[in-house]
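J.: Single-letter residue listing:
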Amino acid sequence: MEEILKRLDERFYVREKKQQRPNLLFVTVDKKVAVEAVTYLRDYEGFRHLVMISAVDYIEQNLFQLTYLLHNYQLHSDIGVRVFIDREHPVMDSIHHLWAAAQVYQREIKEMFGIDFPGSPRVDEPMILEGWDNIPPMRKDFDTKKYAEETYFPREGRFTLDPIKQMEKKNYPLEAEVKYEIKRVVRDNRDKK
Amino acid sequence: MSLKDILSPFYAWKRTLEKPYTIKKPIEEREGADRYRGFHVNDIEKCIGCGTCEEICQNEAIDMVPVDFIHTKKGDSGLRPQIDYGRCCWCALCVDVCPTGSLGMSNDYIWVTPDPEEWVFKPGVDEKEWKDDDKGYRRTDEAWLLDPKLTPMPVMEPEVRKNTFDEMAYGYEVIMATEEASRCLECGICIDACPTHMDIPEYIKAIRENRLEDGLKILYDTNPFSESCGRVCTAHCQDVCALGHNGDPIAIRWLKRYITDQTADRRNEILGIGKPLPEKDGTVGIIGGGPAGLTAAFYLRNYGYKVTVYEQHDKLGGMLRYGIPQYRLPKEILDREIQTILDTGVEVQYNVKVGKDISLRELKDKHDALFISVGAQIGTQMPIEGIDTPGVLVGLEFLDQIAEGKRPNLGERVMVVGGGNTAMDVCRSSVRLGAKEVFVFYRRTEAEMPANDEEIEEAKEEGVKFEFLTAPTKITKEGDKLKVQCIRMQLGEPDATGRRRPIPIEGSEFTVEVDTVIMAIGQKVDSSMAEQADVKATRWGTFEVDPDTLQTNVHGIFAGGDCELGPDDAIHAIADGKKAAYFIDKYISKQGKNHAETK
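Here the protein sequences line up with chains F and B, keeping their order.
With the first sequence counted from 1, adding 2 to any position gets you my numbering.
With the second sequence counted from 1, adding 52 to any position gets you my numbering.
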């Protein structure tokens, strides 16, 4: 793996590397050489299998990160090629010409993160989010709870009681009345200018 | 491409005649693994309805709902969790957090119903076939999300504290208090158990967030004796704490003390005491400046009434001063706490014994309303031969002397009779006065002792010896020693209080030789002033009141604290004082007067 890393670095300049396990290496390369690096690994280094493509939203840095995970059957090793792309212009070159299966990942990433892969077959068609009318749901700025509350209705008839209030009501309603009024009187005096 | 690649599709045909892997109908159910997370189970007897499961559920799948046959009672909200399986994701956080360990999951996972409403149910309440399953997921100690261990209070070593009346508990430091406060679940089960219903979770939260000023304000909303209570409260709250079911309850009392300790030098400023208060027509006379009386005074001043306290001693504080020894509640602490109350503008007349120096009738005419809070100040005597022998002391009088700063010589061997908190105060004070051997004689067993466990434990640490199931029958003096004849007891049927009645065992008499005997067997109320204004008293000598309003049979005269409850703790007196303030205001202000009368 060290040899491979060295050759990769010479050709494409590895910005960051992380040896996760002896047989798992992550490298970060620049966006404009990423497809070349992946092609090189496939055709020259024996990483013939595309395991998956994944994405992470680094909203704080205004970046998306894509990871192309490749597998080498001979070495039983994996390399993850990472690339950062601008969150404002989320466009990446497609690799469907290298692996036909990539089009599925790219279509999904387009749907879930809004990262475009121009030229990838059927990339604009929805995969599971038919009729979606919101920002892509895997983006960090998508508020799942708010969306759920606005879109779906809660189950009818559900209610919950506060144990504190329930005990006040059942065990000491009069004393609770005393407590709240005294509290109000004391606070009024205290917070008065 | 190898030969194998070409042939392998044909190998599959060899399975043609084998038993298929598909599942036949009706489905043969396969039991889940032993710790499978299936549908919930709940031991509803163990569950206290604290709502921590609801709080932690990330999917808002749990509601706390009432159940017909479960009643709200002390330490149990009466609510039980109801789970919406349309939302549950079987993550088991609710199980891992459950303080009582009542909630679990069965290993049952196969169940279906066409009615969507049936997917919402109360585990342990609604009949389901897995209701009593033992198998399935249960919380383990390692996975428990709560911390069951108390942050210990730094205290003086027994050998050191035996020789001094200095305060034995040093108080929490910041890090200890924060740590202890962070154990709290904020379920609020404790609020109900507190006689004055302090907002316990709120002030604990204030400690956690280091908002001690807010914490102090929260304390004074319900209790102007928070500093004393932070040291000597009987802490009914801790008895019901959700964490106490499987671990140590939160040290609520010490946390309260922490707030008052840390804010003591700026107390009046934080509480806005000294600012002009509203003015209302009407004056209130308060008889007895103990915790009940002064609490009433504090809140009545806040309402805007003029308040005069009539105190028979030359100092205020009642039992907090004369009943609780210095090593538990230093007098300086009590003094500064009382000063805060007085700073609201309370007038005090010291050394006035109502009933003797001035009659109750006169006071009634002088004020618009009266609050009697004279406490239970008379120590009960035992009707045995030789009880007035010199060297036989009454517990309360003994503590009174010590509070005044006297340090009587008790000799080497001291016998204390009684099993309550007063007996503990007496025996531990005796140790501090230099007695070599101190015995506590109690006629029942340790389990029946009314004293707090902590007190008993600390007394033992200080070398106090206990003789259970024993009572004195006769005391005689021989030379400078007291000979006490005692008899052994056995426990019989429970009496009216629910405790088993001690019965003397015939022929078990024996004699003990001691230097001093101190009787700490009970307290009585002196209600002799009652008849001066035709106020009714009960046959036990306590003042008779309407339990809702604390008003006696005479309009405008209220009574509360020990003199109404019988001997009890400070926090009950404080609760009464607060309640009295509320109903005295209702009584005095026109509209409320009707309210109090119609009650």
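Read the hints as simulated data drawn from the structure, not as lab findings.
There's no promise every hint is true.
Stated by the list, open to error - Calculated pairs, BS3-like style, for lysine-lysine (alpha carbon to alpha carbon, straight line, at most 30 Å):
no.	chain 1	residue 1	chain 2	residue 2
1	B	K327	F	K185
2	F	K185	B	K458
3	F	K171	B	K125
J.: Against the structure, test the hints numbered earlier, and report the numbers of the ones violated in rising order.
T.: 2
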